[in-house]
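J.: Each residue of the sequence shown is one higher than the one before, starting from 1 at the first, in UniProt numbering.
Worth flagging that the hints you see were computed from the coordinates, not collected in a lab.
None of these values were measured; they are calculated from a predicted model.
Do not take every clue at face value.
[What the hints assert, rightly or not] Derived lysine to any residue pairs resembling SDA-like cross-links, with alpha carbons at most 20 Å apart: (1) LYS16 with LEU84; (2) LYS573 with GLN175; (3) LYS255 with GLU584.
[Claimed, not checked] Derived Cβ-Cβ restraints for the label pairs, each shown as a range: (4) SER483 with ASP317: 44 to 54 Å; (5) THR72 with GLY238: 21 to 31 Å; (6) TYR595 with ASP317: 45 to 55 Å; (7) TRP431 with TYR595: 52 to 62 Å; (8) GLY141 with GLY582: 26 to 36 Å; (9) ASP583 with VAL555: 49 to 59 Å.
Backbone N, C-alpha and C define an ideal beta-carbon position, used for all residues, glycine too.
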Amino acid sequence: MDRYFLTTAIYYINDKPHLGSVSETIAADFIARYQRKLGKQVLFSTGTDEHSQKVERTALAMGQPVEQYAATAAASWKALFDRLGISYSRFIRTTDADHMKVVQEMFQKLYDQGDIYKGSYDGWYCIKDEAFLLESDLVDGKCPDCGLEVQHVSEANYFFRLSKYQDALLAWYEQHPDFVQPPMRYNELVNVMRGGLRDVSVSRSTVKWGVPVPFDTDQTVYVWFDALINYATVAGYGTDRFAIDWPADLHLIGKDITRFHGIIWPAMLMALNLPLPRCIFAHGFWNFEGEKMSKSLGNVVDPAALVENLSHLIGIDESMAVDTLRYYLCREGTYGLDVDFSSQRLLLRFNTDLANDLGNLLNRTLNMFAKFRPLIEGQPFEPKAAVSELFATTLSAVTADYGNLQFSAGLEKTWMLVNVLNKMIEDDKPWALAKVGDAAGLATHLATLLTGLWYVANLVEPCMPTVSNRLLEAIRRPQVTWSDLVWRGPGSELPEVSSTVLFPRIQPDQLEEFLAAQTARKTGTTTGAAATAATASPAATPDSGLITIDDVAKVQLRIATILEGERVPETDKLVKLRVKVGDEERTIVAGIGKYYDPAALVGKQIVIVANLQPRKLKGIASQGMLLAASAGDEMALLTPMAVLPDGAEIH
Numbered sequence: 001m002d003r004y005f006l007t008t009a010i011y012y013i014n015d016k017p018h019l020g021s022v023s024e025t026i027a028a029d030f031i032a033r034y035q036r037k038l039g040k041q042v043l044f045s046t047g048t049d050e051h052s053q054k055v056e057r058t059a060l061a062m063g064q065p066v067e068q069y070a071a072t073a074a075a076s077w078k079a080l081f082d083r084l085g086i087s088y089s090r091f092i093r094t095t096d097a098d099h100m101k102v103v104q105e106m107f108q109k110l111y112d113q114g115d116i117y118k119g120s121y122d123g124w125y126c127i128k129d130e131a132f133l134l135e136s137d138l139v140d141g142k143c144p145d146c147g148l149e150v151q152h153v154s155e156a157n158y159f160f161r162l163s164k165y166q167d168a169l170l171a172w173y174e175q176h177p178d179f180v181q182p183p184m185r186y187n188e189l190v191n192v193m194r195g196g197l198r199d200v201s202v203s204r205s206t207v208k209w210g211v212p213v214p215f216d217t218d219q220t221v222y223v224w225f226d227a228l229i230n231y232a233t234v235a236g237y238g239t240d241r242f243a244i245d246w247p248a249d250l251h252l253i254g255k256d257i258t259r260f261h262g263i264i265w266p267a268m269l270m271a272l273n274l275p276l277p278r279c280i281f282a283h284g285f286w287n288f289e290g291e292k293m294s295k296s297l298g299n300v301v302d303p304a305a306l307v308e309n310l311s312h313l314i315g316i317d318e319s320m321a322v323d324t325l326r327y328y329l330c331r332e333g334t335y336g337l338d339v340d341f342s343s344q345r346l347l348l349r350f351n352t353d354l355a356n357d358l359g360n361l362l363n364r365t366l367n368m369f370a371k372f373r374p375l376i377e378g379q380p381f382e383p384k385a386a387v388s389e390l391f392a393t394t395l396s397a398v399t400a401d402y403g404n405l406q407f408s409a410g411l412e413k414t415w416m417l418v419n420v421l422n423k424m425i426e427d428d429k430p431w432a433l434a435k436v437g438d439a440a441g442l443a444t445h446l447a448t449l450l451t452g453l454w455y456v457a458n459l460v461e462p463c464m465p466t467v468s469n470r471l472l473e474a475i476r477r478p479q480v481t482w483s484d485l486v487w488r489g490p491g492s493e494l495p496e497v498s499s500t501v502l503f504p505r506i507q508p509d510q511l512e513e514f515l516a517a518q519t520a521r522k523t524g525t526t527t528g529a530a531a532t533a534a535t536a537s538p539a540a541t542p543d544s545g546l547i548t549i550d551d552v553a554k555v556q557l558r559i560a561t562i563l564e565g566e567r568v569p570e571t572d573k574l575v576k577l578r579v580k581v582g583d584e585e586r587t588i589v590a591g592i593g594k595y596y597d598p599a600a601l602v603g604k605q606i607v608i609v610a611n612l613q614p615r616k617l618k619g620i621a622s623q624g625m626l627l628a629a630s631a632g633d634e635m636a637l638l639t640p641m642a643v644l645p646d647g648a649e650i651h
């Protein structure tokens with residue numbers, strides 16, 4: 001049997017699980033289930049990253065021994081993943097004894113062969129991101145990623161000779177253009193490596209909560225070096241199993257940790273003479289109303305509370321609520337790009353895709369079997385041959401989409417089959433066939449619906465395992481690998497009508513109650529007060545995504561002409577533009593350097609937000625924001641179709 005090994009990143013335990021971490025793990029579970037549908041034996045790992053200074057400080061602040069805090073936090077993550085139906089093979093903790101042993105063995109080997117050496121570090125360190133930073137990395141003296149204060153660190157450390165592997169890494173990337181996905185992330189890392197790699201610190205002398213350096217107990221292994229090795233631990237490094245399960249077929253990670261996974265980790269593996277993973281996929285973030293989710297902004301979506309609200313307010317059991325969330329997360333947006341979370345979109349998906357389309361198809365089919373069973377008994381029960389090619393080609397297309405991690409596209413094609421079956425009921429008019437006594441035609445119609453539902457139920461299993469099982473239970477058909485999905489008669493066992501409605505349609509009052517509950521949780525108001533606000537003006541709730549004409553009027557869009565353009569030093573994507581807006585000249589810093597040569601933009605007209613509060617980027621005050629559209633790896637600046645006066649208003 002073919003094998004497949006995939007991993008998520010492992011999650012910091014000083015943070016509570018949020019929509020971002022949950023969506024990554026659900027996506028990985030989708031992939032694992034899909035690979036099993038292809039008949040593969042899957043090794044799927046996720047887990048918790050427990051060693052670091054910030055974990056130690058969090059435990060101290062809570063008055064707990066760090067070991068106790070870590071055990072409790074890891075258990076809560078694991079419990080949530082179990083609740084969400086995550087079919088992991090191993091939930092690894094970096095405090096697991098076998099993992100700590102592997103970390104020490106690898107550290108010792110790299111030291112013995114000269115790839116780790118003793119040195120000293122003097123510079124900036126961000127505790128939140130566990131990152132060493134150069135002076136040039138800082139933005140207004142703060143961490144460029146999290147925006148928090150950094151501290152100056154000066155200590156003796158051990159260093160990994162990352163610079164030694166720069167040429168080998170670049171050669172690997174050139175030979176494996178699909179090594180990092182999506183392509184924009186691949187290009188980012190290539191640019192970083194071409195800019196030169198520095199040796200990196202891989203130990204700390206001031207942090208005691210970590211894996212001890214085996215030959216120097218005054219030092220602990222740097223948390224990122226420790227964490228990356230978890231993938232090798234899962235695969236059984238040091239055992240006979242490692243040769244079977246390694247390398248990983250896929251590391252699924254967030255776009256903010258690509259340098260660790262796409263540069264440092266492959267270099268470590270090269271130094272250890274181990275095969276590199278086959279693919280690293282860096283997904284985007286879930287935002288809320290266009291803003292990155294943040295505890296300080298109060299817009300972090302709690303997945304556990306979300307599932308509870310869905311279950312209670314819609315009247316479905318929790319496992320169905322989990323599948324509803326899984327479906328929404330996998331169906332919205334293009335995987336790899338940032339996506340906006342919306343409670344209204346979630347409920348709209350439930351009503352349209354699940355209740356109206358799939359649920360209605362199942363209910364109508366079961367009701368027809370109950371009503372027309374006496375007429376079709378004894379008739380040949382074979383589905384229409386005319387639609388067999390459609391289902392076969394769709395299965396092939398969905399397989400390709402899922403294999404490319406395009407979950408939304410694959411689900412959309414699956415729903416095309418659902419709609420074909422729903423339309424077939426309207427076109428065939430089975431009630432008319434029954435009226436004229438066309439038993440053979442009626443049997444063919446019902447056999448087609450049953451076979452089609454069998455296909456659909458198996459196709460949605462990676463996304464919605466509970467829904468899939470309940471569909472198959474209702475039509476009395478089995479879960480199978482996709483190679484066994486063939487267009488043939490579904491056998492002699494016919495379904496019985498069921499009084500259970502899988503997806504009860506959400507009513508307007510339930511919609512308002514759900515939105516009110518989400519608003520109350522986010523703002524801290526009482527449910528009753530929030531419900532009153534939602535009832536009075538549903539479109540004005542924070543989750544609606546709608547704005548008023550007054551909101552639009554606040555944004556001043558102007559035409560600007562680019563006078564000068566240059567790249568911002570020590571960055572690979574920022575450009576500095578001097579633009580003319582009416583009689584005024586301004587400086588704008590924009591992250592378009594990967595798509596445009598700034599010098600080639602001189603003379604072009606663009607659209608800018610003219611009343612945006614200035615913000616410093618790399619020490620340069622940016623006095624506006626240009627508008628651009630992006631799709632996948634493509635970006636296009638918004639420009640007027642005709643030359644207009646500088647400063648012209650856009651209405």
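J.: Take the hints in turn and mark each one as holding or not.
T.: Hint-by-hint comparison with the structure:
1. LYS16 with LEU84: Answer holds: LYS16 to LEU84 is near 15 Å, not above 20 Å.
2. LYS573 with GLN175: violated (24 Å)
3. LYS255 with GLU584: Between LYS255 and GLU584 the Cα gap is close to 38 Å, so the pair fails against 20 Å, i.e. violated.
4. SER483 with ASP317: 44 to 54 Å: Check failed, 32 Å falls outside 44 to 54 Å.
5. THR72 with GLY238: 21 to 31 Å: The hinted range 21 to 31 Å holds for THR72 and GLY238, with Cβ atoms some 30 Å apart.
6. TYR595 with ASP317: 45 to 55 Å: holds (48 Å)
7. TRP431 with TYR595: 52 to 62 Å: Since the Cβ atoms of TRP431 and TYR595 sit about 57 Å apart, the hinted range of 52 to 62 Å holds.
8. GLY141 with GLY582: 26 to 36 Å: holds (34 Å)
9. ASP583 with VAL555: 49 to 59 Å: This hint is violated: roughly 21 Å between Cβ atoms.
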